[in-house]
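S.K.: The hints should help you fit chains B and C onto chain A, whose structure is shown.
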Amino acid sequence: MKSFRKELWFHVPSRRAFINITPEVEKALAESSIREGLCLVNAMHITASVFINDDEGGLQHDYEKWLEGLAPHEPVRQYRHNDTGENNADAHLKRQVMGREVVMAVTEGRLDFGPWEQIFYGEFDGRRKKRVLIKIIGE
Amino acid sequence: MKSFRKELWFHVPSRRAFINITPEVEKALAESSIREGLCLVNAMHITASVFINDDEGGLQHDYEKWLEGLAPHEPVRQYRHNDTGENNADAHLKRQVMGREVVMAVTEGRLDFGPWEQIFYGEFDGRRKKRVLIKIIGE
Amino acid sequence: MKSFRKELWFHVPSRRAFINITPEVEKALAESSIREGLCLVNAMHITASVFINDDEGGLQHDYEKWLEGLAPHEPVRQYRHNDTGENNADAHLKRQVMGREVVMAVTEGRLDFGPWEQIFYGEFDGRRKKRVLIKIIGE
Numbered sequence: 198m199k200s201f202r203k204e205l206w207f208h209v210p211s212r213r214a215f216i217n218i219t220p221e222v223e224k225a226l227a228e229s230s231i232r233e234g235l236c237l238v239n240a241m242h243i244t245a246s247v248f249i250n251d252d253e254g255g256l257q258h259d260y261e262k263w264l265e266g267l268a269p270h271e272p273v274r275q276y277r278h279n280d281t282g283e284n285n286a287d288a289h290l291k292r293q294v295m296g297r298e299v300v301m302a303v304t305e306g307r308l309d310f311g312p313w314e315q316i317f318y319g320e321f322d323g324r325r326k327k328r329v330l331i332k333i334i335g336e
Numbered sequence: 198m199k200s201f202r203k204e205l206w207f208h209v210p211s212r213r214a215f216i217n218i219t220p221e222v223e224k225a226l227a228e229s230s231i232r233e234g235l236c237l238v239n240a241m242h243i244t245a246s247v248f249i250n251d252d253e254g255g256l257q258h259d260y261e262k263w264l265e266g267l268a269p270h271e272p273v274r275q276y277r278h279n280d281t282g283e284n285n286a287d288a289h290l291k292r293q294v295m296g297r298e299v300v301m302a303v304t305e306g307r308l309d310f311g312p313w314e315q316i317f318y319g320e321f322d323g324r325r326k327k328r329v330l331i332k333i334i335g336e
Numbered sequence: 198m199k200s201f202r203k204e205l206w207f208h209v210p211s212r213r214a215f216i217n218i219t220p221e222v223e224k225a226l227a228e229s230s231i232r233e234g235l236c237l238v239n240a241m242h243i244t245a246s247v248f249i250n251d252d253e254g255g256l257q258h259d260y261e262k263w264l265e266g267l268a269p270h271e272p273v274r275q276y277r278h279n280d281t282g283e284n285n286a287d288a289h290l291k292r293q294v295m296g297r298e299v300v301m302a303v304t305e306g307r308l309d310f311g312p313w314e315q316i317f318y319g320e321f322d323g324r325r326k327k328r329v330l331i332k333i334i335g336e
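Chains as they are written, first to last, in the working numbering: chain A, 198 to 336; chain B, 198 to 336; chain C, 198 to 336.
So that you can see chain A by itself, here it is in the shape it has in the complex:
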């Protein structure tokens, strides 16, 4: 069994953003030389997500608006977590809806994807350096 590990770093200038990281994950898979196995990609921070969906700008707008409705940033005083001096409680909630991680099949050296699957980093509390972990195991 082989294993491969790589970190991706982000410094998103806004509070929230969605970034397509599929090319970086494909590059890591090529570097790993793994042909059959599983590929885990997870946010290493608890106010960010990794998820798979469509690379369509309108949909990203819809996600942004929908998540803000489900877990509004304002008023920040509504969240007890923000009594610690933070103002990012909403980001911890939004990340649970979108998920921490994805696990993907690796088949014949490629991400075994359906026609529209793309991997996204979802940032909900940016403006500082944060990381994503790629771990691939297989043969």
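Derived by calculation from the structure, the hints in this document are not laboratory data. Any given hint might turn out to be false.
No copy is singled out in the list; a pair is fine if it fits within one copy or between any two copies.
List of simulated lysine to any residue pairs, SDA-like, C-alpha gap at most 20 Å [to be verified]:
1. K203 <-> G306
2. K203 <-> W313
3. K327 <-> R277
4. K199 <-> R232
5. K327 <-> R274
6. K199 <-> L308
7. K262 <-> V273
8. K327 <-> G311
9. K203 <-> E336
10. K262 <-> N284
11. K199 <-> E305
Just so it is clear, the structure is predicted and the values come from calculations on it, not from any experiment.
M.R.: Coordinates of chains B and C only, in the frame set by chain A:
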């Protein structure tokens, strides 16, 4: 390390449905001859889910109603994604709540499940052919 | 390839609770002697979650309040699942928001975590014995 891959195909006649796919996943596991490892089952489409919960008709009705409340299909104009000519933006949102994939332990050749765990395909934009991927790795 | 399996048992005296299980998962990893691989931790019951977030009491209060808003326990008659004699339909819904499982990278014999990642058992229908499964594969 062994690996095994299989696709399941669906053509759901309605827009939305929940289908218990546990027997198909158990069949794939038997075909794989893998005794110890991990089994990934994921939707290959971004308007569908694979999740684990109870096979109880009342609960499926509750999920349907609850998801429609969290991410209503109508009015379709409320979603910018639907400006592309689609009317399935709500399906992209519902799928995030229910999840893309499940990862299950394989122990002594069986899905290592609690007493009520059953695997479901959740369709949120049906009436066309769509796929689920099963990937099993182990020994 | 090595594999390792362990169950954790819980008997939460209240209906709902969040319990940090990171030390128990680290202990299982040490027992496994696996240095590189993947670690799956999942609820074996369909009214409970395993998720990764921050060990901060205010945030746990926020999760409790937020989930109760998204999927209220009362009135129990609003859910068709509860016609079966259960009163836990809301727990099945809450568990979908928080997730069934987490998959973590194992690197150099340790959980490959970001600075604040902690693993939680989320109980949404306690007052009876329930289990979590840990499955680790690798070398």
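S.K.: Now look at each hint and say whether the structure bears it out.
M.R.: Each hint, compared with the structure:
1. K203 <-> G306: Both ways: K203 and G306 sit 17 Å apart in one copy and 16 Å across, limit 20 Å.
2. K203 <-> W313: Cα proximity of K203 and W313: across copies only (19 Å, versus 24 Å in one copy).
3. K327 <-> R277: Neither, since 24 Å and 29 Å both go past 20 Å.
4. K199 <-> R232: both (10 Å within a copy, 12 Å between copies)
5. K327 <-> R274: The answer is neither: 25 Å in one copy and 35 Å across copies each exceed 20 Å.
6. K199 <-> L308: both (16 Å within a copy, 18 Å between copies)
7. K262 <-> V273: both (17 Å within a copy, 15 Å between copies)
8. K327 <-> G311: Close across copies (9 Å), not inside one copy (28 Å); limit 20 Å.
9. K203 <-> E336: So K203 and E336 pass the 20 Å test inside a copy (17 Å) and across (18 Å) alike.
10. K262 <-> N284: Cα proximity of K262 and N284: in one copy and across copies (19 Å, 17 Å).
11. K199 <-> E305: both (15 Å within a copy, 13 Å between copies)
Of the numbered hints stated above, those contradicted by the structure are hints 3 and 5, listed in ascending order.
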